[in-house]
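Engineer: As given, the protein sequences belong to chains A and B, one line each in that order. Residue 213 in our numbering sits at position 213 of the first sequence; the count goes up by one each step and never skips. Residue 69 in our numbering sits at position 69 of the second sequence; the count goes up by one each step and never skips.
These are calculated hints, taken from the structure and not from any lab test. Think of the CB as a built atom: it goes at the ideal place given N, C-alpha and C, for glycine as much as any other residue. Please note: incorrect hints may appear among the correct ones.
Within a straight-line C-alpha distance of at most 27 Å, the following computed DSSO-like cross-link-like pairs (lysine-lysine) qualify [claimed, not checked]:
| # | chain 1 | residue 1 | chain 2 | residue 2 |
| --- | --- | --- | --- | --- |
| 1 | B | K648 | B | K16 |
| 2 | B | K16 | B | K88 |
| 3 | B | K20 | B | K492 |
| 4 | B | K622 | A | K2 |
| 5 | A | K2 | A | K106 |
| 6 | B | K2 | A | K291 |
| 7 | B | K2 | B | K373 |
| 8 | B | K20 | A | K2 |
| 9 | B | K20 | B | K91 |
| 10 | B | K648 | B | K622 |
| 11 | A | K39 | B | K72 |
| 12 | B | K70 | B | K20 |
| 13 | B | K205 | B | K224 |
| 14 | A | K39 | B | K725 |
| 15 | B | K418 | B | K373 |
| 16 | A | K58 | A | K2 |
| 17 | B | K648 | A | K291 |
| 18 | B | K622 | B | K582 |
Label pairs and their computed distance ranges (CB to CB) [unchecked claim]:
| # | chain 1 | residue 1 | chain 2 | residue 2 | range |
| --- | --- | --- | --- | --- | --- |
| 19 | B | T181 | A | E41 | 50 to 56 Å |
| 20 | A | D36 | B | G90 | 35 to 41 Å |
| 21 | A | T253 | B | R649 | 43 to 49 Å |
| 22 | B | K151 | A | R133 | 52 to 58 Å |
| 23 | A | G24 | B | L29 | 31 to 37 Å |
| 24 | A | E313 | B | I389 | 40 to 46 Å |
From the structure, some residues in chain A lie toward chain B, with a derived Cβ separation under 7 Å [what the hints assert, rightly or not]:
| # | residue |
| --- | --- |
| 25 | Y6 |
| 26 | A156 |
| 27 | P221 |
| 28 | V222 |
| 29 | A225 |
| 30 | D233 |
| 31 | R234 |
| 32 | A309 |
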Amino acid sequence: MKSFTYERARSPAEAAATAARTEGARFIAGGTNLLDLMKLEIETPAHLIDVNGLSLDKIESTPEGGLRIGALVRNTDLAADPRVRRDYGVLSRALVAGASGQLRNKATTAGNLLQRTRCPYFYDTNQPCNKRRPGSGCAAIGGFSRQHAVVGASEACIATHPSDMAVAMRVLDATVETVRPDGPARTIPIADFHHLPGNTPDVETALSPGELITAVTLPKPVGGAHIYRKVRDRASYAFALVSVAAIVQRDGTGRVALGGVAHKPWRIESAETQLPRGARAVTAQLLSGAKPTRENAFKLPLVERTLGAVLAEAKG
Amino acid sequence: MKFETAATTNPIDQLKVIGKPLSRIDGPLKTTGMAPYAYERHDVVSNPAYGYVVGSAIAKGRIASIDLGKAKAAPGVLAIITAENAGKLGKGDRNTAKLLGGPEIEHYHQAIALVVADSFEQARAGAELVHVDYVKAEGAFDLEAVKDTGKPRAPFGGPADTAVGDFDRAFAAAPVRLDATYTTPDQAHAMMEPHASIAAWNGDKLTLWTSNQMIAWGVGDVAKTLDIPKENVRLVSSFVGGGFGGKLFLRSDALLAALGARVVGRPVKVALQRPLMFNNTTHRPATIQRIRIGASRDGKITAIGHEEWSGNLPDGRAEGAVSQTRLLYAGANRMTATRLAALDLAEGNAMRAPGEASGMMALEIAIDEMAEKLGLDPIEFRILNDTQIDPERPTRPFSQRQLTECFRTGAERFGWSKRDPRPGRVRDGRWMIGIGTAAAFRNNLVVKSAARVRLDRSGIVTVETDMTDIGTGSYTIIAQTAAEMMGVPLEKVVVRLGDSTFPVSSGSGGQFGGNSSTAGVYAACVKLREAVAQKLGFNSAEAEFADGEVRAGNRRVPLAEAAADAGLTAEDGVEFGDLDKKYQQSTFGAHFVEVGVDAATAEIRVRRMLAVCAAGRILNPKTARSQVIGAMTMGVGAALMEELVVDKRKGFFVNHDLAAYEVPVHADIPRQEMFFLDETDPMSSPMKAKGVAELGICGVASAVANAVYNATGVRVRDYPITLDKLLEQMPDVG
Ligand SMILES: Cc1cc2nc3c(=O)[nH]c(=O)nc-3n(C[C@H](O)[C@H](O)[C@H](O)COP(=O)(O)OP(=O)(O)OC[C@H]3O[C@@H](n4cnc5c(N)ncnc54)[C@H](O)[C@@H]3O)c2cc1C
Ligand code: SF4
Numbered sequence: 001m002k003s004f005t006y007e008r009a010r011s012p013a014e015a016a017a018t019a020a021r022t023e024g025a026r027f028i029a030g031g032t033n034l035l036d037l038m039k040l041e042i043e044t045p046a047h048l049i050d051v052n053g054l055s056l057d058k059i060e061s062t063p064e065g066g067l068r069i070g071a072l073v074r075n076t077d078l079a080a081d082p083r084v085r086r087d088y089g090v091l092s093r094a095l096v097a098g099a100s101g102q103l104r105n106k107a108t109t110a111g112n113l114l115q116r117t118r119c120p121y122f123y124d125t126n127q128p129c130n131k132r133r134p135g136s137g138c139a140a141i142g143g144f145s146r147q148h149a150v151v152g153a154s155e156a157c158i159a160t161h162p163s164d165m166a167v168a169m170r171v172l173d174a175t176v177e178t179v180r181p182d183g184p185a186r187t188i189p190i191a192d193f194h195h196l197p198g199n200t201p202d203v204e205t206a207l208s209p210g211e212l213i214t215a216v217t218l219p220k221p222v223g224g225a226h227i228y229r230k231v232r233d234r235a236s237y238a239f240a241l242v243s244v245a246a247i248v249q250r251d252g253t254g255r256v257a258l259g260g261v262a263h264k265p266w267r268i269e270s271a272e273t274q275l276p277r278g279a280r281a282v283t284a285q286l287l288s289g290a291k292p293t294r295e296n297a298f299k300l301p302l303v304e305r306t307l308g309a310v311l312a313e314a315k316g
Numbered sequence: 001m002k003f004e005t006a007a008t009t010n011p012i013d014q015l016k017v018i019g020k021p022l023s024r025i026d027g028p029l030k031t032t033g034m035a036p037y038a039y040e041r042h043d044v045v046s047n048p049a050y051g052y053v054v055g056s057a058i059a060k061g062r063i064a065s066i067d068l069g070k071a072k073a074a075p076g077v078l079a080i081i082t083a084e085n086a087g088k089l090g091k092g093d094r095n096t097a098k099l100l101g102g103p104e105i106e107h108y109h110q111a112i113a114l115v116v117a118d119s120f121e122q123a124r125a126g127a128e129l130v131h132v133d134y135v136k137a138e139g140a141f142d143l144e145a146v147k148d149t150g151k152p153r154a155p156f157g158g159p160a161d162t163a164v165g166d167f168d169r170a171f172a173a174a175p176v177r178l179d180a181t182y183t184t185p186d187q188a189h190a191m192m193e194p195h196a197s198i199a200a201w202n203g204d205k206l207t208l209w210t211s212n213q214m215i216a217w218g219v220g221d222v223a224k225t226l227d228i229p230k231e232n233v234r235l236v237s238s239f240v241g242g243g244f245g246g247k248l249f250l251r252s253d254a255l256l257a258a259l260g261a262r263v264v265g266r267p268v269k270v271a272l273q274r275p276l277m278f279n280n281t282t283h284r285p286a287t288i289q290r291i292r293i294g295a296s297r298d299g300k301i302t303a304i305g306h307e308e309w310s311g312n313l314p315d316g317r318a319e320g321a322v323s324q325t326r327l328l329y330a331g332a333n334r335m336t337a338t339r340l341a342a343l344d345l346a347e348g349n350a351m352r353a354p355g356e357a358s359g360m361m362a363l364e365i366a367i368d369e370m371a372e373k374l375g376l377d378p379i380e381f382r383i384l385n386d387t388q389i390d391p392e393r394p395t396r397p398f399s400q401r402q403l404t405e406c407f408r409t410g411a412e413r414f415g416w417s418k419r420d421p422r423p424g425r426v427r428d429g430r431w432m433i434g435i436g437t438a439a440a441f442r443n444n445l446v447v448k449s450a451a452r453v454r455l456d457r458s459g460i461v462t463v464e465t466d467m468t469d470i471g472t473g474s475y476t477i478i479a480q481t482a483a484e485m486m487g488v489p490l491e492k493v494v495v496r497l498g499d500s501t502f503p504v505s506s507g508s509g510g511q512f513g514g515n516s517s518t519a520g521v522y523a524a525c526v527k528l529r530e531a532v533a534q535k536l537g538f539n540s541a542e543a544e545f546a547d548g549e550v551r552a553g554n555r556r557v558p559l560a561e562a563a564a565d566a567g568l569t570a571e572d573g574v575e576f577g578d579l580d581k582k583y584q585q586s587t588f589g590a591h592f593v594e595v596g597v598d599a600a601t602a603e604i605r606v607r608r609m610l611a612v613c614a615a616g617r618i619l620n621p622k623t624a625r626s627q628v629i630g631a632m633t634m635g636v637g638a639a640l641m642e643e644l645v646v647d648k649r650k651g652f653f654v655n656h657d658l659a660a661y662e663v664p665v666h667a668d669i670p671r672q673e674m675f676f677l678d679e680t681d682p683m684s685s686p687m688k689a690k691g692v693a694e695l696g697i698c699g700v701a702s703a704v705a706n707a708v709y710n711a712t713g714v715r716v717r718d719y720p721i722t723l724d725k726l727l728e729q730m731p732d733v734g
């Protein structure tokens, strides 16, 4: 770990301004991801801005009938909120499928969205990795790639985004609210928030330098059966091989997003028109153009089968 | 004391303390955080400096140059130890690769430097500034690719190859045959406590508080590596937070701490960083195993052959997966072969039931497959081929062998008769249900072991031996042994372990520690009883030791009186004759497992487990049960998730942390039941006990595999059994 300086931010605007002004500054929320990465010198911030005291830890109803979730709301609290459990069950289920009770007590909404990949080569600083050290190459291509992306990957990076929560946010059409260093706030649709790796896998989101997430807003509830199905090698405390977040209406229409298959939560709205025709038809569109490796080709049939089980469960 | 003939009745047979399910006596220390583990010996070491290990970034080659300039200048850094400045170092008898590498690099994450600083954080920051230039060399990293270059290598406890009768002919002639190849991956011990040590020098004398299973081996290899007399080395391992074979040997943490402390003139502590634990230390090596079985139509095995290929650093050991096939089932024509190829991965070495566990992972699937070919119930097939003699050397009977009884008892308790032998027939909602079984089988080893016992004037009996307690319960069973022998309650016994100033014990390994070390304590207590009797004027053959008194006829004297002011001390040990040559001493069991396989995703979850074991006298059913259910848990890991993934281009285990190397968590483990059959084995020791700790893991993985087959009809022969290996053959999702 590199030595660093530390301060507690007093307001969101000030936090953003300081971050933009200070060389090598990063926000720290729960610290469950950032600190681990700092210990391994995968992340080497020179300055930490602690955002825990910014009172961004409330869940409020919006005038539109939705929910505004503060950036600092802990994963545990969010999953347990009665409104979330009632109206956004897919989110609650995704949250409790992630990490462990202890981690969820610390982990925050913004931190969860911004958690970094679990690619094992990203974690080993002896290995080339374009995400960690741009231009150094990608050790995962041709290496151990069982967990890696099957769609939307590039020649530069085949990593996946490991979040469960983000997959549910995607299927719920959430928007991310931020403040920028120069003052104004903006909202970013979750669909545009995470980037595909392209040639710059180190650039993971739409956030500009210093930009601070203040909240994530969920639109008015859409009803339907809310299902989150996470498939993994052990029963708990493991990242998804694939996951399916689905909201399915009585008439068989609905929405689907996937985790564990791409550099971002994976959703293709046009594929959802196929829902009444079943899992195979939806998967064919969702994963069209998929380029799996030999080690992760199983994710293709696994997505289809898991989605099939989810749709069957939704029917009841 | 020499143990050369079968044990007769002795004070242990009273079973007043021995055989009771007592809670471990060190439990309160552990649950209150007061048990002093190696890295936290604040009680004996103040003001230590901290060491951080730098591991090699390449698997094979050499260091062209190493630049310490920036690191040395970093805040708090006191010294940096490398092969260049460490002086001449030897290599321990039990180490394959050097513990401090350079300029030659033998494997990935081989330690190449220790940065010593005032604080842990400074040492870590300094370590990141060490700049190394390497020259890479080609290495061999793919067992499959190099297996045919393998040479015969004798595994522990037997020759490389064995042959009885005419295997080839009998196999060719057999009407029912199986010829299948199985693979087991490299596995990590993944114990909770990493390798950790504090080293302190006093003049030319070194003390190491370390986490080690085998104190005397450690002393010898420290002395040899540093080229100092053994007398100048003291090792202390009062508590060990798990070892599983990974702490049998001197490792880099201890050596580097010693080197660091010598240079900075102050104690140095080193805990191996978790990401280094998988490539820096030892692991259970991968195997490729071919098994051929031929049988008559009525199910008698006529030919059985087992060949193994494993890989290791040059001069490393072979895994020895064929060893149990030499003994488990009858059959007139047999062959086994052990081949070892050179690989440039980290050193393969012992992990819980080395050889046995890997071999049973394959053999007990093969037996299940063979039973199916024969149309026989897998339990009946095993019982039909049971043997009471060593099938390779028929003059050697088993001292005790209750394999059949284990299966019969287990079948009854588990409800085996309700199993549908046709695969894929039982459903419970989304789950496809299957039941599987496998034999558990691990040999009983006996190792010379000594102890010292002291009686003081308050009637306290203190036992000292360099035996270790690696979480197994040694403290407790040793206390029980002394209490039983001296006729005192457990509270009157103090046990001190894991210090090289104490008499040399068996140590903890190979499931020999429980029986051997208590037998050593027994021997010392016999001597102390004689001294007490003599002191108090009793005939030692007649004296009874009970309730804190010595009694004979009408005379009773408090035991403490024998101690007087000076106390009374006796030291002795047990040395084993050739009973283990004349008799095959082994432990047996039967595992039963029920799994559910998700019909859509092929996720496998264990629903029920039972083990029935016959393993000699059970000294403490509570601690023994803990050993067995812990081993069953580890077996589930081996079956379903544990695999050190080799990057065959770069030559290292990629998933080198506990997020990526998955072991079972609570949610993976259902209710586990385990049951011991009544057994005493007078051939094993005066305790009549045998090992249980490794028995418990042998066969578990194949019972899981057989249950998965019963659930789905998919036979997976390559561990771990992950869902991707099942998916293609799973039924369509409806
Ligand atoms: C062992 C383990 C297992 C896990 N398993 C899972 C799992 O199964 N599923 C899953 O989804 N997750 C899992 N996680 C990840 C966990 O969900 C994340 O670590 C957590 O959500 C991160 O939140 P945090 O608040 O601690 O973030 P931090 O570590 O504090 O920050 C993460 C990143 O977000 C940035 N950041 C934080 N707040 C803001 C803000 N307001 N605005 C802008 N940037 C900000 C930080 O600068 C940093 O880059 C696991 C983690 C661990 C350690
Ligand atoms: S997949 Fe991405 S994160 Fe992994 S090594 Fe390649 S570039 Fe790095």
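Engineer: Each of the hints needs a verdict: does it hold here or not?
Structural biologist: Verification of the hints:
1. B:K648 <-> B:K16: Roughly 57 Å separates the two Cα atoms, so the pair is violated.
2. B:K16 <-> B:K88: Distance of about 55 Å is beyond 27 Å: violated.
3. B:K20 <-> B:K492: holds, 17 Å
4. B:K622 <-> A:K2: violated, 48 Å
5. A:K2 <-> A:K106: holds, 23 Å
6. B:K2 <-> A:K291: violated, 69 Å
7. B:K2 <-> B:K373: Between K2 of chain B and K373 of chain B the Cα gap is close to 49 Å, so the pair fails against 27 Å, i.e. violated.
8. B:K20 <-> A:K2: violated, 54 Å
9. B:K20 <-> B:K91: This hinted pair is violated, its Cα atoms lying about 44 Å apart.
10. B:K648 <-> B:K622: violated, 44 Å
11. A:K39 <-> B:K72: holds, 20 Å
12. B:K70 <-> B:K20: violated, 60 Å
13. B:K205 <-> B:K224: holds, 14 Å
14. A:K39 <-> B:K725: Distance ~36 Å between K39 of chain A and K725 of chain B Cα, so the pair is violated.
15. B:K418 <-> B:K373: holds, 21 Å
16. A:K58 <-> A:K2: violated, 33 Å
17. B:K648 <-> A:K291: The hint holds at about 22 Å.
18. B:K622 <-> B:K582: violated, 32 Å
19. B:T181 <-> A:E41: 50 to 56 Å: Between T181 of chain B and E41 of chain A, where Cβ atoms are some 43 Å apart, the hint is violated.
20. A:D36 <-> B:G90: 35 to 41 Å: Roughly 38 Å apart at Cβ, these two residues keep to the hinted range, so it holds.
21. A:T253 <-> B:R649: 43 to 49 Å: holds, 47 Å
22. B:K151 <-> A:R133: 52 to 58 Å: Cβ of K151 of chain B to Cβ of R133 of chain A: about 42 Å, so the range 52 to 58 Å is violated.
23. A:G24 <-> B:L29: 31 to 37 Å: violated, 45 Å
24. A:E313 <-> B:I389: 40 to 46 Å: Because 56 Å falls outside the window, the suggested range is violated.
25. Y6: violated, 14 Å
26. A156: violated, 18 Å
27. P221: Check failed: Cβ of P221 of chain A comes no nearer than 28 Å to chain B, outside 7 Å.
28. V222: Given a least distance of 25 Å, the restraint on V222 of chain A is violated.
29. A225: violated, 16 Å
30. D233: holds, 5 Å
31. R234: holds, 5 Å
32. A309: For A309 of chain A, the interface hint holds, since the closest Cβ of chain B sits about 4 Å away, which is under 7 Å.
When the structure is compared with the earlier hints, violations turn up for hints 1, 2, 4, 6, 7, 8, 9, 10, 12, 14, 16, 18, 19, 22, 23, 24, 25, 26, 27, 28, 29 and for no others.
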